[in-house]
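Dock the two chains into a complex; use the hints.
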Amino acid sequence: MTVKTVIKKNTYFDSVSLMTLSTKANKIEGIRQAVVAMGTALNKEVLHNVGLYSESAEQATPGDLMIIIEAEDEAACDEALIQVEELFIRKDSGDLNQEIKFSSMAAAVKRLEKANLAIISVPGAYAFREAKKALENGLNVMIFSDNVALDQELALKQMASEKGLLVMGPDCGTAIIGGKGLCFANEVRRGNIGIVAASGTGAQEVSVRIDDFGGGVSHLIGTGGRDLSETIGGISMLAGLQALEEDPSTEVILLLSKIPAVAVAEKIYSQVKSCSKPVVICFLGGQQEKITAAGAVYAKTTKEAALKAVVLAGGKEEEINTHPLNLPLIKEIKAKLRADQKYIRGLFCGGTVCQEVMGLVREKYPNVYSNIGDPAYRLADVHISKDHTMIDFGDDAFTQGRPHPMIDPSLRIERFLKEAADPAVGVIAMDFILGYGAHNDPAGIMLPHIRRAKLEAAQAGRHLEILAFVLGTEKDPQNFSEQVRMLMKEGVTIASSVVNTGLLAAGFVEKEAQ
Amino acid sequence: MNGIKDLLYREPVVINEGVELFKEDLVKQGVQTVQVNFTPPAGGNPQLLDILDYLSDPRRKEAIALANQEAVKRVITSHPVLVGYGKALDVIPGMTAKTILHAGPPITWDRMCGAMRGAITGALVFEGLARDIAEAEVLAASGEIIFSPCHEHNTVGSMAGVTSPSMYVHIVKNKAYGNLAYTNLSEQLSKILRMGANDQSVIDRLIWMRDVLGPMLKEAMELAGEIDLRLLMSQALHMGDECHNRNVAGTSILSQALTPYLAQTGFSMQDKVDVFNFILSSDYFSGPTWMAACKCAMDAAQGIENSTVVTTMCRNGTDFGVRVSGLPGQWFTGPSQQVIGPLFAGFKPEDSGLDIGDSAITETYGIGGFAMAAAPAIVSLVGGTVAEAIGFTDKMLEITTDTNPNVTIPLLNFRGVASGIDVLKVLETGILPIINTAIAHKEPGIGMIGAGIVHPPMDCFVKAAQALGQNIR
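Chains as they are written, first to last, in the numbering used here: chain A, 1 to 514; chain B, 1 to 473.
Chain B extracted, bound-state conformation (with noise of 0.2 Å):
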């Protein structure tokens, strides 16, 4: 139909863009209209509006698009299940005896955060690589430890992310793609490793993690053979969890689903006392567990050429790193930002760590913060009300490329999970994907003390724009 005859003859319909008095004046005149509020695209830096428009040339266009179906479709129809536990040195690919993994891009000792060092050098006293916290940090800072991102080992690391050789890890495996993933299991608590707390609490936890929790939970999957987690994923967010700052629900089912195979090892009823009584501690005991299964759908996005379909979100604490699908290898870091939340009594903000870990992967999948309107128990814990929750997820759609109706969200009439988070939309729209998160004491040995939301600083996705400028032709 001619536009032209339709404006007239039909009436106005409007989107306004811009100046709101225009629009607040067609409503008075019964004029539907929706509201795009403009921000400068790309921040207003020349160079980057001249990338967008290079990319955004019709034939490139459709090239990313078709790219992006492709990837988000990877992520929609990935089907991670729960097939076992193991100890790291075992099960993960390029683990050795002396590598350490860690949370967020690639990053040396000497630029480490508090949180960071205190969780690498209580693992190496764990190891028994070193007698105590100081020796450990000589040791750390020699050059014989090999440190290398989670990510980069399809792993994914809570807070500091530290993973050493001998503990136990999840493996997911993704039923439709064939790829694995891991992930520490949850310390629960707030005193623990991954907060970058390293006294002698925290490395008995750790043995008996080792020794007692960990074979038994391999032990269990043994039996079980298999637990779909996309199920008891989506089941937990109609449960009132976003499945990464709230894990109440995800953590009742997990352990529902786990307990008959438990109680059928062979450990002593102490140890099942123990160990039942450990996932009764903490709401989070599912945590990491989620976060390896997003883990999953997300390698499987992998390497899709012109996709500009972000993959990875992850800090470690001094920088915040993204990867891209079509840009494979390639890390795009910032400085890690302060998160925004309330504390624990007695902290004040300026004791609190930047931004840390690798559990941005919920978002990055489209839960967590981007699930937000799921989870109306925690608005309050990030500050907000019912209705401005709904507004960040509902902001979330215009830098995603699709929803996942695999995973949906009752309370907006099961609409699937945004998914897809596309580098060049965040660009344009000025808006940064939302992250829910906790906070690490700045300082070694102290551990959690508060929860938060957290962006992403631009500088990544300004970075991923400007190569894949240069990458798609």
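With the rest of the complex left out, here is chain A (with noise of 0.2 Å):
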């Protein structure tokens, strides 16, 4: 086998583009394996990881981009090659009117005077940077970038107050302006309920079950996870509030995160009180009383916000389908299980979703452990379960220099076989994440994996039930109907909500009392 290396200086892609480029060139005939990655410190060392180190390699800079070939000789690796630089090669239209594409906010502020957002999605290193320029030049910022440190957020939320901006972020991968859905976003219809939210998929199930409802959405704003944090003391989110007071095709208001802070709850209850318009809020996990008191409508679950914000909103409950808990379902789901299946396997996209499926899950059984949450049922090692376990792919230890698993879903995949082999698992739930950004086509490439797993319980003498959460509606890219057809045929029962994802994983692997 010989290695070749060609760094290409002073030549920047994102990881996303790399990541599709890279799989595009380990199909190439005669390619053993390749690499294709900047030069920063943790794509060397998935170099050292997989054998393709080199000298040359080391000398590359992060702005560098490295292209490494693995083939049977040399003459292989140079006819690799050639077919790996042809995959940069953008097909020219011959159109002189060619779209530009700028290399600074600078010139591109120049050019579109109008603009008045600017989406950030660069590596959190340069995120703060980027937002400085972005709102030097008056425009609203949503981060996208994680990784950005704290001081840096509470700069620029300070910077954007004192002009009147509004920052969404960092870590922001949800928001709906105006009816346009901003990176990860479902097509939501549009209304009079106006979100505003700390977290990106409770943010994309809030406004999905709306949609569901009957209801719509004026304006979904998103806060980043830390922005009701002691330390930034929930700037966006009370900006957010404000700017929905005022406008005028927002009626009801809806705020959604886990519990913040004391000190900004203190601050939130506060602006709620005084606020003219209906507010339903819902902290994952409580502070009932005080929502209440604050004269806002306490939600427990997003599904419950959604349904109480659409009814406060106009919606006729008795109109509404709430989709209640199939009861005979469990039961009979129930029954097809071994009494030594005992366990739920959650292996979610959406930080939320699995937040809210395992704290629902909880409610009935104590020993729910998770890569995120409550330290004290935190996994001793990410990779391998213990009783029921609830993954978020979505966190730093499985994005580290990847792309998020709602693009790039093949850990998920390695692990959900992993967990399909395990005797003591009853059900494995798992979400769907359809809509902008998100992988065009989620269950199908799930679905080889899922027959396979069937078929092996099957031939060990099990029932693997599969329970799957598709979010997204009808109206989203990826057709929703069709996901879940095809997840169906495969025998997969279908959760119609985050939380009826929780209560029917519960009920499937509840044992009778002997």
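Keep in mind that the hints were calculated from the coordinates and are not lab data. From the three backbone atoms N, C-alpha and C, an ideal C-beta is built for every residue, glycine too. Keep in mind that a hint or two might mislead.
Coverage of chain B stretches by chain A, computed from C-beta distances (three or more under 8 Å per stretch; other residues unrestricted) [unchecked claim]:
#, stretch
1, 24-35
2, 41-52
3, 86-100
In silico lysine-lysine, DSS-like type, Cα no more than 30 Å apart, as pairs [said to hold, decoys possible]:
#, chain 1, residue 1, chain 2, residue 2
4, B, Lys5, A, Lys163
5, B, Lys463, A, Lys267
6, B, Lys61, A, Lys101
7, B, Lys463, A, Lys114
8, B, Lys463, A, Lys8
9, B, Lys5, A, Lys277
10, B, Lys348, A, Lys114
11, B, Lys175, B, Lys87
12, B, Lys28, A, Lys24
13, A, Lys331, A, Lys273
14, B, Lys73, A, Lys101
15, A, Lys475, B, Lys28
16, B, Lys175, A, Lys132
17, A, Lys110, B, Lys61
18, A, Lys4, B, Lys348
19, B, Lys61, A, Lys133
20, A, Lys114, B, Lys73
21, A, Lys101, B, Lys463
22, B, Lys87, A, Lys101
23, B, Lys463, A, Lys110
24, A, Lys4, A, Lys24
25, A, Lys334, A, Lys418
26, A, Lys9, A, Lys114
27, A, Lys110, B, Lys5
28, B, Lys87, A, Lys8
29, B, Lys463, A, Lys133
30, B, Lys442, A, Lys8
31, B, Lys5, A, Lys133
32, A, Lys132, B, Lys5
33, B, Lys5, A, Lys258
34, A, Lys132, B, Lys73
35, B, Lys5, A, Lys273
36, B, Lys463, A, Lys9
Here it is as structure tokens:
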């Protein structure tokens, strides 16, 4: 075997594009393995790991592109390299009015003077600089990037406050502004419910449930997961709340977050108290009394929050299909599982989905472990499950140096097969997230693995229950009904919401007292 | 207007920096979006990022912006005119009988590339300071000859840029600011001194240029008074030149302007026919003329405190050198790069010498590679499509300070050429200036073997930024 390393100085591509390219490169005939990546320390480590590291790779900087190919011999490497280089070539349309791509925020602002929002998804180390430039140019900012320092987040949000601008993020994956989905967002009905959310998939779930219950969304403002921490003080949520109160298209406001820091919660309650529009608050896991005392409507779950908001916004509760829990189904599945099939394994792309399901399962079973949430119930090794285990594949442990699981499903597939082979497992629960930014066929890529897992379990004489939740609407680009149909065809049970996913899973593995 | 309300009440109009998929999804939803392709600023070097941040603090940013506006204003309002020709020894400041000027930043004999050595030894033979090339090499290495960069003498030199005392040079005057600039005469063809060739045919041509061409041009300009080079350069751009690698139009209109006066000189008919045939022999005749015009304009922008505008880009075949308006007298160098482009038949890429010449003064001014869109005819020479040529030209807007309304590009709705390369913008965007250029053989004595495009090494800009960080308080 021969390894060939080519370093292209000062050539930058984002990790998503490079992943696509690497994938294509690995498919080229004659290539044993190929890596196409920027020369970051992390990528160099990857090279070490796959045995492709070399002195010339060491010389690459984070601004340099590395192409490393392993093939039969020198000639095969050269042949393959030509094909890899071809992957970079974008077909020239011959159109003189080709769209211009800029290399700097400043140049883009000059060309698009009407711009009012910058979406920033650069590596975290650079996000602060770019966001600052956007604010200086009078733009609202949505920072998709994570790994931004807390003091930088604070500085950005304070700067935005002074300028009357909004900062969504860092680590904000979802927003809907004026009916337009930004980054990871679903195509939901426009309406009069305005949402401010500190969680990404939680916001997607609430907006999709609102759509499902017949309501609609005016705006969905994301704040990033740390906005309600003591340090940040909820700057973005408070700004969002005020903007929605003043926004004529918004009649009901919904706030969604984990439980905020105490001082921050107080600020929010005080602003809610004086708010002229009805406010529904869902702080996953509680504060019912304080929320009620602030004159807001308490919701325990995302589903309940969506339902209450839709009713406040004018929906008739009796006409809404709330998808109550299917009790006969629980009974039926329970009967199929053997006594030793005691555990649920939840494999989720969505962090809030994972968290909410975990919370609901924990109400029934104390032994629920995870890679996120309560430190007392953290897995010692996130790659090895214990009792009931809920994995958030969007967490740092799984996303270092690779795209989000909503785009790249490979790690979850691997884990799924492992869990499916465990005889103590009764139910594997998974979310399939649709919408903009997500994989174009999340169910489809899972089907062969589901088929195989089911077959192997049957051969071992047990039933393996697979519970899927498809987060999306009929208007999403992936075709919701078709995704559901494909999964059902493989014998997968479909849950209608995050909440029902948790409740069904917990019910399926319940054992009758002997 | 309140920024949040503008976003919520109007509709999102988005600048998407990073993952392009997000832009595509926005476009599908009918959202007006432009894409910014992110490159780690300063190549991801933390120390440089600190410098960029230091310099972008509002007070310094303002001071730099004002200084750069002034620098570019001087470039734009500069008005170079051709006022005469003369012997280097007579007209170039600091020239002596034993001085040889060369292209690029300062360099010693032992580090010079093949083309530069070939040109210098040829010039020493031409000057009668050595009997043959071998003797010239000994003399060049002896320390007796003073080597000095053209740029430090208000001069520019194409390729090796070798300018010796008795060579005739253009004299260009900046009518707006009064400063003068000089450059050698075109030797036409490819087997020439500036490309490193130095056989007897090369020396004979230099002698004829000294004895006939130069004096005739000098006499013609004494009759003409002055020729407006900025006007001719702008016209040439409208006629499909970029005035660096393509000079078909420029040479036609310059020779049109010179001819009536050349005809009136006291030289013999045969000499005049020889001169007209010489001009006819290569489209490159006016190439050096535009270089001197650009040099004249860029020198006017030197020495403006706090300015981060590049006033010089040049190469000696070993090093690439950059000078910055706010840092007068300082050179920032990095290794000369390989020029990528088509070669004459029979030559291979490994034959080519590294990037060489002061001709990048044209790009520093805003023409040449920066005005590729003006010269669709040569995009194949530099290996691209017309759309790519426009792309290059547009890209340069991102690293420059302003556009020059006096020199415009018809294909881009008569937008002015990008002017005033900003060191900080180069580092911020990772976009390097694009330079159109010729390729000389790496060995002395051979000459031109091709043409193509090249970029400066990032090191020059890195070093300049470090000095700016020290200098701007």
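Checked hints:
no. : hint                   : in the structure
1   : 24-35                  : holds (count 9)
2   : 41-52                  : holds (count 5)
3   : 86-100                 : violated (count 0)
4   : B:Lys5 with A:Lys163   : holds (12 Å)
5   : B:Lys463 with A:Lys267 : violated (50 Å)
6   : B:Lys61 with A:Lys101  : holds (25 Å)
7   : B:Lys463 with A:Lys114 : violated (37 Å)
8   : B:Lys463 with A:Lys8   : holds (22 Å)
9   : B:Lys5 with A:Lys277   : holds (17 Å)
10  : B:Lys348 with A:Lys114 : violated (51 Å)
11  : B:Lys175 with B:Lys87  : holds (22 Å)
12  : B:Lys28 with A:Lys24   : holds (25 Å)
13  : A:Lys331 with A:Lys273 : violated (45 Å)
14  : B:Lys73 with A:Lys101  : holds (28 Å)
15  : A:Lys475 with B:Lys28  : holds (13 Å)
16  : B:Lys175 with A:Lys132 : violated (43 Å)
17  : A:Lys110 with B:Lys61  : holds (17 Å)
18  : A:Lys4 with B:Lys348   : holds (23 Å)
19  : B:Lys61 with A:Lys133  : holds (12 Å)
20  : A:Lys114 with B:Lys73  : holds (28 Å)
21  : A:Lys101 with B:Lys463 : holds (28 Å)
22  : B:Lys87 with A:Lys101  : violated (49 Å)
23  : B:Lys463 with A:Lys110 : holds (28 Å)
24  : A:Lys4 with A:Lys24    : holds (17 Å)
25  : A:Lys334 with A:Lys418 : holds (22 Å)
26  : A:Lys9 with A:Lys114   : violated (35 Å)
27  : A:Lys110 with B:Lys5   : holds (21 Å)
28  : B:Lys87 with A:Lys8    : violated (46 Å)
29  : B:Lys463 with A:Lys133 : holds (24 Å)
30  : B:Lys442 with A:Lys8   : holds (24 Å)
31  : B:Lys5 with A:Lys133   : holds (20 Å)
32  : A:Lys132 with B:Lys5   : holds (20 Å)
33  : B:Lys5 with A:Lys258   : holds (27 Å)
34  : A:Lys132 with B:Lys73  : holds (29 Å)
35  : B:Lys5 with A:Lys273   : holds (22 Å)
36  : B:Lys463 with A:Lys9   : holds (18 Å)
Against the hints set out earlier in the document, violations occur for numbers 3, 5, 7, 10, 13, 16, 22, 26, 28.
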